[in-house]
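Protein chains: 4
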Amino acid sequence: MKKPLRIGLVGYGFMGRTHSNAFRKVGNFFDLEYEPVLQAICARDAAKAQAFADNWGYQSIETDWRKLVERKDIDLIDIGSPNNTHAEIAIAAAKAGKMILCEKPLSMDGKEGAKMVKAIEKAGVANMVWYNYRRVPAVALAKQLIDEGKLGRIFHYRAKFLQDWTISKDLPQGGTGLWRLDAKVAGSGVTGDLLAHCIDTALWLNGRMTTVNAMTETFVKERKHTLTGKVQKVEIDDACAFLAKFDNGSLATFESTRYARGHKALYTFEINGENASIAWDLHDLHRLQYFDYRDEGKLRGWRSIHISDSDHPYMKNWWVPGLQIGYEHTFVHQIADFIQAISKGEKPCPSFRDALDTQYVCDAVLKSAKTQKWEKVPKTKL
Amino acid sequence: MKKPLRIGLVGYGFMGRTHSNAFRKVGNFFDLEYEPVLQAICARDAAKAQAFADNWGYQSIETDWRKLVERKDIDLIDIGSPNNTHAEIAIAAAKAGKMILCEKPLSMDGKEGAKMVKAIEKAGVANMVWYNYRRVPAVALAKQLIDEGKLGRIFHYRAKFLQDWTISKDLPQGGTGLWRLDAKVAGSGVTGDLLAHCIDTALWLNGRMTTVNAMTETFVKERKHTLTGKVQKVEIDDACAFLAKFDNGSLATFESTRYARGHKALYTFEINGENASIAWDLHDLHRLQYFDYRDEGKLRGWRSIHISDSDHPYMKNWWVPGLQIGYEHTFVHQIADFIQAISKGEKPCPSFRDALDTQYVCDAVLKSAKTQKWEKVPKTKL
Amino acid sequence: MKKPLRIGLVGYGFMGRTHSNAFRKVGNFFDLEYEPVLQAICARDAAKAQAFADNWGYQSIETDWRKLVERKDIDLIDIGSPNNTHAEIAIAAAKAGKMILCEKPLSMDGKEGAKMVKAIEKAGVANMVWYNYRRVPAVALAKQLIDEGKLGRIFHYRAKFLQDWTISKDLPQGGTGLWRLDAKVAGSGVTGDLLAHCIDTALWLNGRMTTVNAMTETFVKERKHTLTGKVQKVEIDDACAFLAKFDNGSLATFESTRYARGHKALYTFEINGENASIAWDLHDLHRLQYFDYRDEGKLRGWRSIHISDSDHPYMKNWWVPGLQIGYEHTFVHQIADFIQAISKGEKPCPSFRDALDTQYVCDAVLKSAKTQKWEKVPKTKL
Amino acid sequence: MKKPLRIGLVGYGFMGRTHSNAFRKVGNFFDLEYEPVLQAICARDAAKAQAFADNWGYQSIETDWRKLVERKDIDLIDIGSPNNTHAEIAIAAAKAGKMILCEKPLSMDGKEGAKMVKAIEKAGVANMVWYNYRRVPAVALAKQLIDEGKLGRIFHYRAKFLQDWTISKDLPQGGTGLWRLDAKVAGSGVTGDLLAHCIDTALWLNGRMTTVNAMTETFVKERKHTLTGKVQKVEIDDACAFLAKFDNGSLATFESTRYARGHKALYTFEINGENASIAWDLHDLHRLQYFDYRDEGKLRGWRSIHISDSDHPYMKNWWVPGLQIGYEHTFVHQIADFIQAISKGEKPCPSFRDALDTQYVCDAVLKSAKTQKWEKVPKTKL
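Residue numbers (the numbering used here), protein chains in the order written: chain A, 1 to 382; chain B, 1 to 382; chain C, 1 to 382; chain D, 1 to 382.
In isolation and in its complexed conformation, chain A is listed as follows:
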């Protein structure tokens, strides 16, 4: 008999849906000690909260997250609301002794993130940040291959996250679905929204990043603000590219933009090692590209591996070889891993502390874009 893991979700947006779907599905596909129970959904607008609850099967609603956090029948607070709300909720939840899941990026900046990590670690509660792309089976296989030493010394890391949805000048900023364009709510533009994913993966796969050198750009300088109705200056970064160096001696380039016509969500990375290279992209997330120099000379080539076999990470829990899974499954894997970790008394990852490392890189990137200099990435010390 499975134990209940009673969840209180804050936020009913896009991430509220991905998380809810994961909570509902995970037990059907993974044999776990705990079964998520959709206890409560919290949002300021009661009608919208209720509609969401009805749709997903949440047993109750709240309109004030403070009440949610205090409820005795909740084990875990899942923060799916905009970036500028993460810190306050997380710190309160920690104080209330709840486990905490938090959408990425962790915080508005490293300073705020550090406060959150302190609070969480002081409270000693299980915690994790939804950097879901670590749980793409192909990405998890990449991690395996690196850990096995298949690549040898790593020379190059390259990552991009390209979108094209904000090219139109008529797109407003702010409000539902558009808060990502509002610096006061999002903290930053593509850096916190998209590059944060690239950085999280990179730190996981390639170790510590030491210095960065960035440029940013805001192509559309002014947009109408949905909430104020006025044309206002756009304060987020529309695009950001940076050079970086890692502790292991490898060189890296990172780039993100929402102005790359033809790319909807092209998160892609490539890693070149002495003996082998790997490449992946989100538009075909069920494939991993792999080149091995140790193959017989005349038969060397990039292999396109269809990640759907039972010996690929997570895949034995799904269908049969050849049948692909999609984006939403990464969240299922992440909550499965979270539950397995707490069952074993291990620390789920990426933890708030891991996510703080990413935050520090983002800070250094944004700083470098201003100072026009190489900036060191501070080490997480608390």
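Hints listed in this document are in silico derivations from the structure and should not be mistaken for laboratory results.
Each computed BS3-like pair below joins lysine-lysine, with the alpha-carbon atoms no more than 27 angstroms apart:
{"#": "1", "chain 1": "D", "residue 1": "Lys298", "chain 2": "B", "residue 2": "Lys298"}
{"#": "2", "chain 1": "A", "residue 1": "Lys264", "chain 2": "B", "residue 2": "Lys143"}
{"#": "3", "chain 1": "D", "residue 1": "Lys3", "chain 2": "C", "residue 2": "Lys48"}
{"#": "4", "chain 1": "A", "residue 1": "Lys376", "chain 2": "D", "residue 2": "Lys370"}
{"#": "5", "chain 1": "D", "residue 1": "Lys376", "chain 2": "A", "residue 2": "Lys367"}
{"#": "6", "chain 1": "D", "residue 1": "Lys169", "chain 2": "A", "residue 2": "Lys150"}
{"#": "7", "chain 1": "A", "residue 1": "Lys376", "chain 2": "D", "residue 2": "Lys367"}
{"#": "8", "chain 1": "D", "residue 1": "Lys264", "chain 2": "A", "residue 2": "Lys245"}
{"#": "9", "chain 1": "C", "residue 1": "Lys143", "chain 2": "C", "residue 2": "Lys379"}
No experiment lies behind these values; they were computed from the predicted model shown.
Since the structure of chain A is provided, determine the placement of chains B, C and D on it from the hints.
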């Protein structure tokens, strides 16, 4: 408030899982009049049935499908058991006035299928066969394009379904997970299992097939039978290829095998029209290849369309552009379409009658392989 | 000091250009005992012959191939004129003791081809047919891999040659550049023009083909004839597809058409063996796709091999790794191989006899399309 | 009757071959006023020069380039020798009134390049630098599309040139075939050898580059020197990545390395415009990727354009649609364009002055890598 659609599922194998997942998810993503209720799962082995029920949330179990069919608290019988059980269950369910969903292929052969269709149509119950690949968004878009006349006169249709999982001579036949190799249970080999999918799609996209000319082969002649423990003759077709002609004057080639090293489940088709061509394959099911001769001359090329925009079939119900869905979603779409059809008083498709057309083609294919001649595909007349 | 190989070319069309280019280039890239000398070009129209001679550096012209064949200063007759002229010229050249190169297909049919082979073999002259695709480095590597046993037992062979240049009903038949649509000149349509290539490669890679079962179609029934000015019945096959069986037990499908919108010259084949599979296509002729089941399980995938390394066939003679060659190089390789063979006293391949095997398959294919039955491929016996 | 263009080539290495092949072929495929005549090849080693002359058909040899430059029977000096020899030869050739072709990069640095440009322009001789990738048909089509305004405002430019041939520590530096690793001969590493190509294309397609910010790395610090026999410090850059800004407001990233396992010569670029994007890579140089936002919404996708039609740049001079050309053809196109320009009294491009712009960017890149700051690219003023 949604109305309940109380489901009784027969079979807990691979297809039992895909259907159950679809029943559980569909209401979260599609706004429908009916909500599937997992009322009962039926399997001969009570322990296995119970384990399945526990995993998926079925409220009760049965060990005799006859009892299931008679239960008053069941609205719909979903047949997910091996091919040789379809007819008996479906006919009984029809008599009991239940709606019926049936896994493909419809039946062991056309003769049996015709009996099923008669029974179902006499009973006037809603019915549908799980040819799920019609509900891949890219395939549904292909249908749209053809219906819009984008391709013009069609000259060629080409389909393949290639696998490689039975190459080893040590693989036994029969029993759980291997009944597809046992002709008595499966009816045929790749023809009914894989080509049936290709044929269903082809009839849907390209209209009536008139004549066929086939060859089949059984590469491994004998295999140990799991149930008898003896080495027995293999009676299924390991591979089948056929030429075909359609009513619209187009020529076609079809091929399926389980001996194509390197392909796990490569269902692929290509259609060449006067003005445009389309191609698709299951290994990258979220893409459609499209070539339009009306593009500016120097810019003509095959477009790789990432089927993840809100104006692509079914996709507005899922995530955001660029984020792919997978195999399991085709079943969600199919049950959503079924519910929408019955809500509107329309006939769900593919119906048993539609599936009987596919059965007749399969029969003609297998007959041609024996007679070594062109064989006409009989028209479905009842 | 290289010995001269004095060439007399018949025909100045597309193939006249590919051959002349090969003759001029081969000595720059391959170290050979003989150097082709462009001695004479022969065509009925003296002005056109002279223009061609001026462009390519031929030292003289002829307007009657009979005179060319008799010239003492010619060592080799290269037949690049339309199909219906091959036999007469080849037989005369054989009688005159010349070495002979002949464009494909060898002849109008097997009967005519057999006469040619008899004449050539009686004369004992060096001979070769320009099935140039054997000399694509990727295809030559495929041959190496098969000969090394990399694939193991072969189950499936699949080939297509798809074009789209005759879809318009306004395209006339006959005359310069369009004789391929005139059955009296071409012998057949896609069968002799395109499938002959597929068949030649298949016999080379996969051994003897035993039986075939074909269908053909002529989509546009009448076209204006350029020479007569009248609308006449089209007698060639616009499209042809056939099933086939090989001596080694493998099954095959072949297809060719000039009505596959979006494909300009898509010659593609795939071979599935017990242990490995290979695939190739002419639109990216510098790549070979390779899948090896013996790779580590989780890392199995199709390798896209960029055939540009010095250990790939022919490639050490060209540039450096990563830099691709193109279509015309296949002719250079073929004449290089021809010269190397005659230098060593070996038989160049494919010989007229090899090409006759292909002709017999074409005959059986066209016969089967008429009889609507499986037809045996006769063995070449002379 | 064509006029002779009498060529004196300096250098018999890799580039000596590509140029000689182009000179020999161009007249067969392009109808030009001048026909290149292979008058003389110059190299210090008389035996090697003679062997090269015999192979390619040069009518004479020289062992001192000064003599070559002074010969009255030479119209054009083609400089194919290592980078550190370009300036002296070019300046002398200019003084002697010869037309001049020069391999890229133009010079060891911008200062030296400026002297060359002054000398050439003072002499008023026709001049061109072999940045051959401008003449890839797909790249020339990209230029056409940009000039037609198809892309609209350009936001992003991205280029890479990745190789993997110097990863082994055992590879020596210096001497024949390896002078590219010797800073004294090459001037720089990947910056001058590979990025120079990327920069030349970028300036041509995207206009003036204003500022750059670079990092470089030398992964293998010491290598045996072939000429001295000693292990010496490696002074070239093994890898270089830089950020850049263009006059048109677009952001760019550039990267090159010889340590990217799996890439032999992957020169690739992508340009994202408001309305359309294009991408290309050298490993499949006969294709252009194109995305147009103005396509019907549900049918938007990246088109893979097979650049082999008669309305694609240069392609009507070669074979028929579907048949690809390769690397060497870019040199044929470039000499064809050169001859057409001088026939019309136009300036061939890229001129020495154009190539000097690239040199200045390279200088700024290398300077930035040292200063660790953004550096301005000086404007070419003479």
